[in-house]
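Student: Sequence:
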Amino acid sequence: MMSPRTPLTAREQEVFDILLKGATSQQVAEALSISKRTVENYRGEIVRKYGVRRLIEIANPPTERVIENGVPKTITLADVLATLEAIQRRLDTIDAALRVLLPNTTTPEAAPTMPRLSDIRAKRRARKAR
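Quick note: the sequence shown uses the UniProt record's numbering, first residue 1, plus one each step.
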């Protein structure tokens with residue numbers, strides 16, 4: 001779980017703990033004997049202190065956050081895998097071009113190779129299927 005940029009107050013932490021259990025703002029309000037509007041104010045402060053847009057991002061943080069064209073973008077594991085697959089396709093294209101341009105420099109058996117991402121995934125699926 002992420003850490004806030006600014007520490008939460010005791011009351012914010014109390015509200016946050018209940019919200020993390022899946023309670024609605026109304027349920028938190030009833031549990032703490034405060035108004036729903038007060039809970040929503042605490043919720044806004046919690047989100048602000050963590051620097052996220054939604055509470056779910058705190059409990060389930062993205063892999064990484066980057067700035068793309070001045071806009072924060074969340075990078076997920078799916079994004080990373082898609083990028084790796086795109087890189088693999090480019091490497092395959094480069095490899096094919098090099099084989100045409102330099103046909104006798106190395107044999108495929110002698111050249112060191114990295115396992116393909118699709119091969120790794122297939123092996124994982126096969127292991128899970130057993």
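What the hints contain is simulated information worked out from the structure, not anything from laboratory work.
Certain hints may be false.
What the hints assert, rightly or not - For lysine-lysine, the following DSS-like pairs were computed, each having C-alpha atoms within a straight-line distance of at most 25 Å:
(1) Lys21 with Lys49
(2) Lys21 with Lys36
(3) Lys49 with Lys36
Student: Which hint numbers does the structure go against, in order from smallest to largest?
Tutor: none
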